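Protein sequence lines correspond, in order, to chains A and B. Number 248 in the working numbering belongs to position 248 of the first sequence; there are no gaps in the numbering. Number 170 in the working numbering belongs to position 170 of the second sequence; there are no gaps in the numbering.
For the record, the hints were derived by calculation from the structure and aren't laboratory data. None of these values were measured; they are calculated from a predicted model. Keep in mind that the hints are not guaranteed to be accurate.
Below, in silico cross-link-like pairs of lysine-lysine (DSBU-like), each with a Cα-Cα straight-line distance of 35 angstroms or less [as the list claims (entries may be wrong)]:
#, chain 1, residue 1, chain 2, residue 2
1, B, K126, A, K163
2, A, K218, B, K237
3, A, K218, B, K2
4, B, K288, B, K211
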Amino acid sequence: MDAQEKRRRLANKVKVNLAMTVREIFDAIEDEPSRPQNMAYFDRIFKTFTDGGKGAVPREEGRKLIGTYCLFVPEEIIYAAGGQPVRLCAGSYDSTEVGEEFLPDVACPMVKSEMGFSALPVLSFYQDCSLVALPASCDWKTKMGAIMEEHAPVMMMDMPRIKESEASREMWLSEIKRFKREVEKVTGVKVNRRRLREAIRLVQRAQVEFDRFHAIRKADATVISGRDALEVLNAYFYDHAESWTAAMSLLNDELEERIRNKTSVTKPKAVRLMLTGSPMVFPNWKIPTVIEELGGALVADEFCTSNRYLHDKVAVDEGSVNDMLHAIADRYLLPCTCPIFSTTVDRRDRLLQLVEDHRVEGVIYHTLKGCHPYDLETKLTETLLRDNGIPMLRIETDYSPQDVEQLRTRIEAFMETLTGKRRG
Amino acid sequence: MKVYRLRIAVQFVCFILLVYGGLFLIDLGSRLPTFSCAYMDDRGGGCFFIGFQHMMNRPLGEFLGDAGIRLLKALGIFALWAVVLNKAWCGWVCPFGFLQDMMTKLRTFIGVDVSRFAWMTRTRYKSVKYILLVLMILIPLGMANSVFGLPTLPRDWSVAFCQICPARLILPIFNGDFSQIYVDFSGSVRMILTSLGVILTGLFFTTAFVKRRFLCSYCPMLAALSLFDKIGLTSLKKNGQRCTRCGNCSRACPMEIREIEEEKTLSNLVTQDCTLCLRCVEVCPEDKALQATFCGVPIFTATQEGFLKRQGLPGENKTEKEV
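Take the sequences, apply the hints, and build the full model.
This is the structure we're talking about:
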């Protein structure tokens, strides 16, 4: 059997497995009572994964696809240049096996999964990208570019690690400008003042809906499950910002109605939990699923794939192209709470603010095996939360579904301590 | 609320009041902590510095008598003004500041990008305004007092600061008076000082196409007002925990103040160069992270919603929904 045939068979195998995983997830979801109706729009995007991801990313007017990793690549620039961004961060266990051929064992499952999708034609949008912008955020991402090169048109972006330094900021701004030139080359459209302003507005409009959604999750009634909250933000990876905003607006209307009617997806006095740590991407929803099956209320999260994704905003000041590029550079670098940065202050304050705003009783800290940056911050976070009277449960896991039962036991025990603490 | 529009309106009214107030028999006194130049014939109030320099031009002994009481009275009135409005004198009242903001408008209109100092340069020049303030006290004293038997400074040093101040050359123009634009060749000291005045006036016009409020960074009035930063009734407060250090504030700050972004623990953010223009609060996207207060009562607070509105949203969003 030649290599070509072997590759085709492997791709098919992953495709079938992924389709099974996705179907199982949505079959289980269908049985859930009191799920918001407007989730259907977001479900559709993920259900396309059963069919090679066809139609997951809108491709009107022949827009060029620009793949991005992490949350450092400014989609405003992509939209302004007439491209369609698609965030390629992956959460599939089925493709990690393929990625393992290219990466060492200790690599985190996320890069393995991403590598798998890049190397094999499983989800079409991984192969359709005209440019893949890969920020050198963590060590895995830094080297992934070179390993991925033969499968994708990679553009590496240098990431500064020390946000407080002047040189870092200048370097990042010049990286943003380089990215702009690369995107312009691919799409053939020059980013001018009007187009960039419009693109910034486009994303800001999405942020208006995100802010609404975030405020809704502060309510006493848990009107949407934490898993669904992950899903709607995860859908933004693939969708066009405008369609996403429209769908989000409908969902928010429904959720606000639910707050008025006190329609909760959990029991009235459910323990209020927050998830944080390494990113959780579809279909890796095992932890939120377990928590919610046990009756916990997931009222907040702090993930780069979710809450952090759309929170920070570009502030246009004087409105020239350079001013806007500077604003964009700052927005993607400075407020980011990713642990790859030397400072921990921003993340600590963000966590405390979320705990306060969402009245969180316990935090579940998720680290993916091999995800060193989050692992390094575990102790600091635990101490910080303990000092503020918030218990924390650390879970280290990967994308494999094998440890679900073990996780269930641990999370159940953790939730019992929290209920015990409530009684005093 | 679009604060920058309100600010321009207030600045405009203050400009009319201070530059043409005299025509309407308005007189706010001559102890104003703002560059309402005393060389303007139609002024509605005068800059504190010219009187202050005259008052300091006394033998030290006289300060124990009448001169001292006059000086204390003047300082008291100045302090009172300063405590009430604090740096808002710079950001909201100063006619010379207003003119610089108008030049900035012109610059952005013709599409010239702003440029920024390197961090170290900015820090290095921070002391200039204090040096000018100290000189403003020492020079008049040196004219009336001899140190260690050395000769006193000649009369040419009289109101030395006014001689170099570019506001003296520019503001009277609005009263139709171009006579202040000159170099005085009657003596070497006067020649140097008035030449500096002309050079700074030139810088006023040229730097406006490079930077925002370039001259304010060196203004001794800013230095004098900064003595009241902590006790001023008008204040700028920050809640460190709510701040994400996104840098929007320091990027939009016309005075390039970095503390506003970096500070996580201090709550009073009226720093030495702050002009209380409140641009930082306008561009702050975090709920209640920044707040302007008067006597402790919030008068303008940063909110997510307000931020997006000022960015031109969600005006169109709403119409979309209605359609």
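Each hint, compared with the structure:
{"no.": "1", "hint": "K126/B / K163/A", "verdict": "holds, 24 angstroms"}
{"no.": "2", "hint": "K218/A / K237/B", "verdict": "holds, 25 angstroms"}
{"no.": "3", "hint": "K218/A / K2/B", "verdict": "holds, 28 angstroms"}
{"no.": "4", "hint": "K288/B / K211/B", "verdict": "holds, 29 angstroms"}
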